[in-house]
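As a plain string of letters, each chain reads:
Number of protein chains: 2
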Amino acid sequence: MRFSRQMKTVEEALQALLDKLTTLDEEQVQIKEAYGRILAHDIVATCDMPPFDRSPLDGFAVRAADTVHATVEQPVRLRVVETVAAGKVPIIPLEAGCATRIMTGAMMPAGADAVIMFEQTENPGEISEVVGVKRVMRAGENISRRGEEIAMGSVVAKAGERINAGTLAILATFGYTQVSVIRKPRVGLLSTGIELVGIEEPLTPGKIRNSNTTMLSALIAEAGGIPVQYPVLPDDLAGAKEKLTAYIQEVDMLVSSGGVSVGDYDVIASLVDDPDVELLFNRIAMRPGSPTTSLLLSGKPVLALSGNPGACFVGFELFARPALQRQGGQPIVSHRSIKAKLGISYEKPCPYPRYLRGRLATKDGLLLAQPDFNDKAGNLGTLKNSECLIVIPAGGKGKQAGELVEVIVHAAPSWREEV
Amino acid sequence: MRFSRQMKTVEEALQALLDKLTTLDEEQVQIKEAYGRILAHDIVATCDMPPFDRSPLDGFAVRAADTVHATVEQPVRLRVVETVAAGKVPIIPLEAGCATRIMTGAMMPAGADAVIMFEQTENPGEISEVVGVKRVMRAGENISRRGEEIAMGSVVAKAGERINAGTLAILATFGYTQVSVIRKPRVGLLSTGIELVGIEEPLTPGKIRNSNTTMLSALIAEAGGIPVQYPVLPDDLAGAKEKLTAYIQEVDMLVSSGGVSVGDYDVIASLVDDPDVELLFNRIAMRPGSPTTSLLLSGKPVLALSGNPGACFVGFELFARPALQRQGGQPIVSHRSIKAKLGISYEKPCPYPRYLRGRLATKDGLLLAQPDFNDKAGNLGTLKNSECLIVIPAGGKGKQAGELVEVIVHAAPSWREEV
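Quick mapping for you: the protein sequence lines, in order, are chains V and G.
First residue of the first sequence? That's 1 in UniProt numbering, and the numbers climb one at a time after it.
First residue of the second sequence? That's 1 in UniProt numbering, and the numbers climb one at a time after it.
Calculated from the structure, these hints are not laboratory results.
All figures in this text were calculated on a predicted structure; none of them were measured in a lab.
No residue lacks a Cβ here, since even glycine has one placed at the ideal position from N, Cα and C.
Mixed in with the good hints, there may be bad ones.
As the list claims (entries may be wrong) - 20 Å max Cα-Cα, derived EDC-like pairs, lysine to aspartate or glutamate:
| # | chain 1 | residue 1 | chain 2 | residue 2 |
| --- | --- | --- | --- | --- |
| 1 | G | 339 | V | 417 |
| 2 | V | 241 | V | 273 |
| 3 | V | 88 | V | 53 |
| 4 | G | 88 | V | 235 |
| 5 | G | 363 | G | 387 |
| 6 | G | 341 | V | 273 |
| 7 | V | 339 | V | 273 |
| 8 | G | 341 | V | 417 |
| 9 | G | 363 | G | 403 |
| 10 | V | 158 | G | 387 |
| 11 | G | 300 | G | 264 |
| 12 | G | 88 | V | 236 |
What the hints assert, rightly or not - Negatives, chain V to chain G, calculated, CB over 12 Å:
| # | residue |
| --- | --- |
| 13 | 3 |
| 14 | 22 |
| 15 | 75 |
| 16 | 107 |
| 17 | 249 |
| 18 | 394 |
Unchecked claim - DEER-style ranges, computed between Cβ atoms:
| # | chain 1 | residue 1 | chain 2 | residue 2 | range |
| --- | --- | --- | --- | --- | --- |
| 19 | G | 264 | V | 69 | 50 to 60 Å |
| 20 | V | 203 | G | 25 | 30 to 40 Å |
| 21 | V | 9 | G | 417 | 35 to 45 Å |
| 22 | V | 246 | G | 30 | 27 to 37 Å |
All chains should be modelled from the sequences, with the hints used to inform the complete structure.
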């Protein structure tokens, strides 16, 4: 099968992989550990918000009817009967001719139907037994009504949403000390190739250091998974299969780099002929990374990326990240491709769709995609700059600057407005 | 000072704060702990990359001169003298009429000056003592030259860059088991207000749960800081000052929420009159969050945000995040504002610049900014959806859909292409 492979498009290959994946089960986490996790269930408001009628500012709770003759020149004077701090319960119901000094967030006293801010009263810095109201108030003015922001029982966050700082504010407000989230996918991570030495080892002739494992480990964590690092795979088929079969029991997915091409020691490429293995794909109509391979072993997915750092990176973004999203319970797992204007022409013929690493910029409201011209499949020096993959479709002679291209964004852009 | 405050623009206020901040010192971290950290120094390549001339594909190393008569119909037959796997050192120098079977990433044998891929030879799946070369090779073809990607000694990552998966690949490649990074700012975090109860406590009349601390803690960690949580501040001035003075010894910055307005118990607002305190700003020409306050205590910054969740959130993005970037050693700490087209008209008069929370979308290469119309200062239900702040300038009657607006992006957008 190594030299005669059936080609799939990127979309077909991704779908073949996603079809084999299901969302993992849920677990409870404390709110302090919940950042970045995916909600397993809708979150419901456990009380009205605000939970009571309250003042949105510092001033005086009044009866609007008492203020109908108030002007700047002739303020209406009201007797201050109480001061209510936020957190306190007002004791004295407000009667005609009276006012309650009230702080932002404090509960409205009974009988009051408006709040006038300090700055619209006489001598706002002073605390006095009488307040001069300098303007007419409408009934209901400056009151935050119970439940006006959020009604008790309403859904305030949805299953599948990623918990961010704003979600945490909601969980805290409604008293959720813990929350159900989707378990993080455990992703076994391994490399193939006896040319690889550890980061701490000296380079000897013919060897290179293993950079893919370190890179993939970070990408897996970034995509919401838990990387589980395994040793470099043996380069004989039986040994490799034995290890893979053992490892995959311990994880939800295996991701490897290398060993997918037509070389004599490409064990993953050979493994696809094994009767215990179900091949999902091993040839994709794309550059780089066409030998990217996926198979099922013991019913679980193995995603075998190219050993070349650039192709490994692109393969991760196109296949592993969506797969982790699916297992991790995020509803949108397709490539969120958007359209952008190509910033610089890319004038090479493309027999297959090419996924160029690049960056995003803006210019007067246009979104520009800037390809990285050091985009050699093997070039690891610019991987760190990649924010997106720019899709140059197959056929033709590339794309001209200014043409619309599809872009798959994989990292938070470092927003730049071009001048 | 509570009622008579000097107004600064957002830009002036931010500059006043940044001027008081310096980059923190550096520390060594292991590569496994380095993700997301900021490089303290440039990183230099410790070897050429590739470290030796190597084959970029699986095939045969040949002498181009031997192939000048090769065609598909009449392949040139060469004697295979050796097989070189990646990681091995070739032993036999290549002589005329000979070829070396060579795998991707393997070192080139002496005497060879080109590599032909398996697929361009006869019977590519078979291992044989003779190979039939079916095309003419140019000297130098399909060789990855030593140092062609990265030359030893060149700068491969710069001080101030955030370490991502691609940076880790570089560090691993060049044998950096540990790396110097800027120390993370320790940020003391506290709230004011006796209306606040803990997440786990029942709501009693007049109280609300403290959501700001949980939210700010997540935002601080997201911005690269280490949140250090302190108890709710006492609401008397002397007590509050004593606590703040003690806390600030332990951290690089204090961030609080609440207590900045004109209420009787707004301790931060009162503290600015203290002779031990240097006021940076306490009134900003912006909505929401105009009373956002900053001061220096014992030479360190206190950033006091509004207690209102929406204004607290906006204040964090406008002031705390850039401040943390400055202390954390990132070179660009200003607001990275870009231009986008307003997706929906915002037709309210704005006496001060308004910072609307919103989301980004694209449409055929245009970048659209969609304001969140539930953008009440007090509305915490939609904070989780915010990806950016849309700036509606002061004066006029807002902005019409389609007009260019300034946008400050604070979160990775969930890219949506509108249809």
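Verification of the hints:
For the proposed pair residue 339(G) and residue 417(V), the alpha carbon gap of about 7 Å is at most 20 Å, so the pair holds. Taking the CA atoms of residue 241(V) and residue 273(V), the gap is about 12 Å. The hint holds against a cut of 20 Å. Distance hint between residue 88(V) and residue 53(V) is fulfilled; the C-alpha atoms sit about 13 Å from each other, no more than 20 Å. Taking the CA atoms of residue 88(G) and residue 235(V), the gap is about 13 Å. The hint holds against a cut of 20 Å.
A threshold of 20 Å between alpha carbons decides the hint, and for residue 363(G) with residue 387(G) the separation of about 17 Å falls inside it, so the pair holds. Of the pairs offered as hints, the one joining residue 341(G) and residue 273(V) is violated, with about 54 Å between alpha carbons and a cut-off of 20 Å exceeded. Distance hint between residue 339(V) and residue 273(V) is unfulfilled; the C-alpha atoms sit about 40 Å from each other, more than 20 Å. This hinted pair checks out: residue 341(G) and residue 417(V) have alpha carbons roughly 13 Å apart, not beyond 20 Å.
A hinted pair counts as satisfied when its Cα atoms are at most 20 Å apart, and residue 363(G) with residue 403(G) qualifies at roughly 15 Å. Taken as a hint, the residue 158(V) and residue 387(G) pair is honoured in the structure, with Cα atoms around 17 Å apart against an allowance of 20 Å. Between residue 300(G) and residue 264(G), the direct Cα distance comes to roughly 26 Å. Violation of the 20 Å bound is thereby established for this hinted pair. Taken as a hint, the residue 88(G) and residue 236(V) pair is honoured in the structure, with Cα atoms around 16 Å apart against an allowance of 20 Å.
With a least CB separation of 5 Å from chain G, residue 3(V) falls inside the 12 Å interface cut-off, contrary to its annotation. Every beta carbon of chain G lies more than 12 Å from that of residue 22(V), the smallest distance being close to 23 Å; the non-interface claim holds. No beta-carbon of chain G is positioned within 12 Å of the beta-carbon of residue 75(V); the least distance is around 17 Å. For residue 107(V), the non-interface assignment is contradicted: its Cβ lies about 5 Å from the closest Cβ of chain G, within the 12 Å cut-off.
The claim that residue 249(V) is not at the interface with chain G holds, since no C-beta of that chain comes within 12 Å of its own (minimum 25 Å). Against chain G, the non-interface label of residue 394(V) holds: every CB pair exceeds 12 Å, the least being about 19 Å. For residue 264(G) and residue 69(V), the hinted distance range of 50 to 60 Å is not satisfied, since their beta carbons lie about 28 Å from each other. Between residue 203(V) and residue 25(G) the beta carbon distance is about 32 Å. The supplied range of 30 to 40 Å therefore holds.
Under the hint 35 to 45 Å, the C-beta atoms of residue 9(V) and residue 417(G), about 20 Å apart, miss the expected range. Distance hint for residue 246(V) and residue 30(G): a CB-CB separation of about 28 Å, consistent with the stated range 27 to 37 Å.
Of the numbered hints given earlier, the model fails hints 6, 7, 11, 13, 16, 19 and 21; all others are met.
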